[in-house]
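Protein sequences appear in the order of chains A and B. Each residue of the first sequence is one higher than the last, beginning at 3 in this note's numbering. Each residue of the second sequence is one higher than the last, beginning at 573 in this note's numbering.
Treat the hints as calculated values from the structure; they're not laboratory data. A couple of the hints might just be wrong.
[To be verified] Derived pair list, reagent style SDA-like, types lysine to any residue, alpha-carbon separation capped at 25 Å: (1) B:LYS820 <-> A:LEU27; (2) A:LYS776 <-> A:ASP877; (3) A:LYS238 <-> A:ASN597; (4) B:LYS820 <-> A:MET49; (5) B:LYS829 <-> A:ARG33; (6) A:LYS276 <-> A:ASP877; (7) A:LYS334 <-> A:ASP354; (8) A:LYS409 <-> A:SER355; (9) B:LYS820 <-> A:HIS634; (10) A:LYS334 <-> A:LYS409; (11) A:LYS584 <-> A:ARG555; (12) A:LYS904 <-> A:PRO802; (13) B:LYS820 <-> A:ASP877; (14) B:LYS820 <-> A:PRO59; (15) B:LYS829 <-> A:PRO444; (16) A:LYS92 <-> A:ARG179; (17) B:LYS820 <-> A:LEU63; (18) A:LYS904 <-> A:GLU799; (19) A:LYS334 <-> A:ARG555; (20) B:LYS820 <-> A:ARG33; (21) B:LYS829 <-> A:MET49; (22) A:LYS835 <-> A:SER879; (23) B:LYS820 <-> B:ALA714; (24) B:LYS820 <-> A:THR29; (25) A:LYS584 <-> A:GLY229; (26) B:LYS829 <-> A:LEU45; (27) A:LYS827 <-> A:ARG790.
[As the list claims (entries may be wrong)] To list a few chain B residues with every Cβ distance to chain A over 10 Å, as calculated: (28) SER656; (29) ALA776; (30) GLN784.
[Claimed, not checked] Interface residues of chain A toward chain B, partial, derived using beta-carbon atoms under 10 Å: (31) VAL37; (32) LEU46; (33) LYS170.
Here a beta-carbon is modelled for each residue, glycine too, at the ideal position from N, C-alpha and C.
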Amino acid sequence: MGSLAFVTPLALAALILLPALWWILRTLPPRPRRVMFPPLALLLAIMPAAPEPKSMPLWLLLVRVALAACFILAMAGPRLDQSTPRLAGKGPVLLIIGTGWSAAPDWQTRITAAKALVDEAEQADRPIALLATGSRTDEITLQTPAELRARLTSLTPVTFIPALGIHKKAIDAFFSRFTDTEAVLIAEPLASPADQDVQATLTHPFLVLSGDDQRLALAGARHDADGLTLRVVRNKDGQEQSGRVTGFDSQGHLVGDALFQFTSAAVETEAHIKLPTMLLNDITRLVIEGASSAGGVWLMGADGQRRRVGLVSQSQRDKTEALNDPAWYVSKALEPFADLITPPLGLSESIDSLIATKADMIILVDGGALIPQAREALQDYVAKGGVLIRFAGPQAPKDDDTLWPVKLRPGNRSLGGAMDWETPRHLAPFSDTSPFAGIDVPDEVTIKRQWLAEPDADLASRSWAQLDDGTPLVTGMTIGRGRLILFHVTPDATWSSLPLSGLFVNLLQRITMLAGRHDESTLSHPDQAVAPFQTLDGFGITRTPDIDAQPLRPALILQADYAHPAGFYGTRDAPYALNALKPGDRLTRAEWTANATQRLAPLSATPPISLTPWLMLVALLLFVLDTLATLHTRGGLTAPPRRARMGAFLLILGLMAVHIDPAHAVEKPLAPKDADSTLETHLAYVITGDARLDRISAEGLQGLSDFLAEHTALEPGQPVGVDLSYDALDVYPFLYWPVSDATATLPASVFARVDTYMRNGGLIVFDTQDEAFKRDDQPTPEVRALRRILSNLTVPELEPVPSDHVVMRAFYLLKAIPGRYAEGKTWIEALPKEEQVTEAPARGGDSVSPLVISSNDLASAWAMDRTGKALYPIDASMPRQRDMALRAGVNLVMYALTGNYKADQVHVPSLLERLRR
Amino acid sequence: MVAQGSWYNNGSSAKSRDRIQDHAVQGAELAQRLPLITIEARRVSAAVTAGLHGRGRAGPGENFWQYRPLIAGESAARIDWRRSARHDGQWFIREHEWDAARTVHLFIDRSQSMAYASGQGPEKRDRALIIGLALADLLVRAGERVSLMGVTEPSASRGIIDRLAEALRIAPSDDAALPQALPLSQHSMAVLIGDFITDPDLVARCLTGLSQSGARGTLVRIMDPAEASFPFTGDLELVSTEATLSRKIGDATSFRKAALDALDAHERALQACARRYGFSYHTHLTDQSATSLLFTIMQVLARRDVSLMAQQNG
């Protein structure tokens with residue numbers, strides 16, 4: 003059942019003008035056509051005294067009045083509302099909105115639906131109450147529609163999926179208070195795992211509005227051998243789906259990204275970001291592109307960073323005896339989540355080099371003694387925040403070696419040997435104060451030998467792991483900002499089965515996580531509550547924490563909930579990341595089935611059909627009809643003269659020819675402009691069609707040409723603008739291409755030409771000029787345009803211009819290539835990797851890079867008028883930036899012209915030397 | 573030169589000032605078109621020349637015409653001795669072709685109403701100028717002297733087209749539909765080219781004046797096809813060329829017959845008037861060829877010569 007409504011009913015008031023219009027049109031005859039007729043004077047005698055006005059035919063009158071009526075109606079904005087009323091009952095309305103993160107992507111739709119319900123209830127004069135599942139309420143109260151609308155407007159999704167079940171009491175109370183309540187649930191696509199059978203729990207009659215929506219989420223990230231693997235989950239299988247996960251650092255800069263692909267049957271898949279560890283550790287936030295919800299964001303805390311662990315082993319064992327090598331077990335256990343460094347040097351040298359390279363953790367695999375220098379170095383290292391793990395060894399600890407967390411008894415204790423009474427010992431569960439708290443202790447781990455500690459006051463607090471008889475297995479202590487840890491067993495399987503068990507991996511992982519966390523408080527008290535410093539909202543956007551966000555104990559809270567929104571807790575140095583999902587979580591679909599009491603309806607109502615366009619169309623048609631009729635009555639409706647028809651035909655033909663022309667005009671002899679360029683070197687720029695950009699390019703290259711003429715042996719001619727589809731490119735060694743949003747759609751033939759140009763040794767300088775507009779998460783339109791262009795070209799591997807690249811040495815000695823902006827990176831074809839570091843001050847590849855990409859807006863900095871006055875401002879973040887920009891321009895031109903010549907120049911002294919000999 | 577031109581002129585002074593400006597503009601336009609018009613006039617004239625023959629009679633002139641035997645009683649001074657010497661006992665007289673130069677006075681109507689074209693042909697004024705200039709050229713070649721009434725003195729220059737065109741270019745624009753009714757000399761001829769959208773009485777008065785001393789001539793009426801056929805349909809308001817006059821006529825189709833009748837009556841009145849004063853009368857539609865009209869005019873003028881000769885001789 004449709005109902006007609008008007009957006010601006012006031013416009014309908016104009017309808018009362020229609021009778022007036024009718025009267026006016028009837029009274030005023032149509033104007034006669036004026037025709038020039040020279041012999042008019044001859045006809046004056048026979049003129050009818052007052053030719054009777056030709057009154058408008060009735061049908062034309064009707065057409066005109068109908069036209070006016072249509073127009074007035076269209077202005078009033080009629081809408082045919084097809085939606086059916088949602089509410090049926092009479093009593094109070096209880097509106098329940100699911101505000102978990104899965105509601106975030108179509109949040110506006112949900113709020114609109116809720117507001118529509120409020121409107122409906124208000125019209126029916128029914129009291130209404132609102133329950134948002136994401137906030138805790140003990141009692142649901144009735145509110146005025148105005149209050150409700152305000153509340154709905156300010157409502158935001160939360161970072162977890164709230165369970166409906168916990169609101170059961172409040173809902174029951176409401177229903178018992180108002181027995182004729184009509185409840186409407188705007189359900190989110192995902193359900194909390196706690197809501198096992200929510201439909202059975204909520205026994206009251208419900209109208210459930212739900213959309214069948216796909217949701218993506220990140221549930222877990224783990225380091226592996228060459229990168230970061232992310233677990234992507236979805237709530238619905240059935241079709242193939244792909245997407246992208248991007249990683250950002252704490253400043254919001256994009257660090258890396260990866261694609262994922264769901265097969266049609268899968269609900270989870272993986273994305274793998276392949277990056278060097280140092281870069282991976284910068285990633286703090288991973289986002290599924292387009293997910294726009296907290297579930298699509300995965301925060302990486304300090305424990306998510308991959309540590310660099312140094313292994314120091316003195317034993318040079320044969321590789322074939324790997325199982326006897328203590329280092330083997332440790333390295334196998336650490337490999338999945340840490341970068342292992344094993345310096346092939348002697349003990350002291352290894353330690354020194356590890357400390358120098360800032361390893362997060364150092365493991366001394368052999369229980370042997372340390373020479374004093376090494377001991378001091380290690381002590382210093384630990385005090386500065388390093389983590390040192392030592393293992394027991396066959397030799398008893400020496401007296402002068404004091405680098406132990408506890409005082410050790412000489413000798414060791416053997417259990418379960420052939421001559422012993424005692425059987426091998428098992429581990430006791432970890433105490434809550436231990437850093438290992440929460441790790442399950444498997445039964446199969448047995449300890450046959452161990453070092454024993456002297457019992458003293460500190461022993462209990464320093465014991466991280468104990469045997470079931472209370473003797474310490476792992477002890478640790480804090481030194482300065484670091485930590486010293488001792489395993490009272492050897493790292494091979496001779497003393498215990500610990501190295502063979504998964505527990506060993508877990509323990510090392512936990513310790514590894516401690517490494518690099520230099521904050522005293524979190525170190526010594528892992529279960530101390532930490533306050534949030536940056537949280538997400540349901541849309542997955544980072545915010546400052548809400549006032550009601552509670553501190554949490556990292557070991558206990560693993561997933562966002564009411565009091566703890568997803569976000570970063572603790573300190574910025576060593577943040578703890580709380581995510582919407584736990585690693586390994588799956589998404590639970592909210593399944594709603596209609597039954598006796600609960601009805602289902604789609605979330606989005608059919609939008610009302612606006613009749614305005616149709617009325618406007620009718621008015622337009624009537625107008626055309628009216629025009630034709632008027633022409634006809636005035637006698638002007640004749641076929642156009644032959645010549646006019648011919649002219650129109652030729653014009654159309656001509657336009658088509660103009661349109662067709664470029665395709666045929668690709669190959670043609672050198673234009674005079676290009677022919678001229680063969681005689682004199684000209685700098686060239688690509689005509690983008692944007693007049694402003696083209697002018698800057700021309701002025702910039704003019705400025706650079708003048709600078710070149712003044713400072714170098716090269717005296718270029720006038721800069722030339724080239725049209726990529728027409729002009730011969732080969733005659734220009736240097737092509738400046740400012741990329742704008744508009745430079746997007748070029749035909750394939752143009753790309754083929756550009757490709758040929760690049761292959762034949764031309765240098766194109768792409769300039770996105772967007773350094774000032776760069777945002778972290780979004781590529782600028784210019785960058786997107788550049789990507790579009792480059793995707794059609796053969797582009798070699800690129801790298802930011804290294805400081806020893808020949809382009810930095812081609813004429814001036816440069817440190818950067820600035821333009822209007824100085825910060826932007828300049829990219830150039832990657833040089834071949836050098837086998838060994840040479841002392842050469844300049845390196846060049848075998849050929850000239852076909853392209854240089856800058857975002858610094860070079861031309862604006864180069865642009866000068868004839869008197870040498872700069873035309874455009876620069877951001878001047880670098881001393882003498884404009885001069886440097888011009889010098890960089892000179893180097894680019896020299897690089898285009900001379901290639902790697904300057905790189906070869908470095909050999910001149912040795913050549914001369916050889917000649918002299 | 574506000575002459576009898578617009579006899580219905582009752583416009584205000586402001587309007588007439590506007591019109592003078594309009595004329596200046598149109599005059600400038602005309603001056604731009606004049607080179608084209610002269611070329612066209614030359615072309616037309618050449619086309620007609622090829623088909624014309626000489627006057628074909630002996631008379632005062634310079635060109636050799638024929639030798640004829642001396643008739644007794646003629647002056648011996650006329651004997652051509654060189655020719656006579658070749659013939660024994662007979663004397664010959666050398667006759668020249670009759671070459672009596674007469675003056676033809678041209679009048680070309682350049683008033684506003686001539687600046688009209690309905691789209692089926694050129695502007696009436698252009699056609700009038702082409703015909704006038706071509707006629708002048710033909711006449712000069714035929715040995716006559718041609719003047720443009722009120723603009724130039726009679727001239728027999730070979731470059732008469734350019735001379736007249738130049739004179740027209742610098743002459744003030746003229747709104748007169750008829751020439752001044754000054755008497756022309758007996759042997760001269762008047763050729764009036766215009767649309768004659770005037771009271772036939774005025775035409776008669778003009779012709780009276782012109783033919784007072786016995787001059788004769790030709791009226792050439794240039795008309796646009798639309799002016800002759802009144803091809804309009806629909807609800808119309810007619811506007812004169814000067815835009816000073818406009819009349820709503822209602823449905824054009826119903827008005828057509830009366831209009832055609834009125835136009836036809838005017839045409840007949842003009843014809844009668846011309847005949848009365850011994851002028852020939854031609855109507856030319858701008859979608860027709862100018863050449864054929866020129867042929868007709870030249871033949872008529874030649875016949876007029878014969879009649880003139882007859883008059884002179886008789």
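Quick one, are A:LYS776 and A:ASP877 close enough, alpha carbons at most 25 Å? Cα-Cα ~15 Å, so holds.
Please verify whether B:LYS820 and A:LEU63 have alpha carbons no more than 25 Å apart. holds, 22 Å
Taking only the CA atoms, is the gap from A:LYS334 to A:ASP354 under or equal to 25 Å? holds, 24 Å
Given hint A:ASN597 paired with A:LYS238 - CA-CA distance at most 25 Å: holds, 23 Å
Given the hint that B:LYS820 pairs with A:MET49, test it: the Cα-Cα distance must not exceed 25 Å. holds, 9 Å
Does the closest beta carbon of chain B sit nearer than 10 Å to the beta carbon of A:VAL37? holds, 5 Å
Keeping to a limit of 25 Å between CA atoms, is the pair of B:LYS820 and A:LEU27 held or broken? Measuring from Cα to Cα gives roughly 19 Å; hence the hint holds.
Next pair to validate is B:LYS829 with A:MET49; report whether the Cα-Cα distance is within 25 Å. Holds, at roughly 12 Å.
Is the Cα-Cα distance between A:LYS827 and A:ARG790 25 Å or less? holds, 19 Å
Straight-line Cα separation of B:LYS829 and A:LEU45 no greater than 25 Å? Holds, at roughly 12 Å.
Checking the smallest CB distance to chain A, is B:GLN784 really beyond 10 Å? Holds, since 28 Å exceeds 10 Å.
For a C-alpha distance cap of 25 Å, please report whether A:LYS276 and A:ASP877 respect it. violated, 36 Å
The structure is inconsistent with the numbered hints 6, 8, 10, 13, 15, 19, 22, 23, 33, although it conforms to all the rest.
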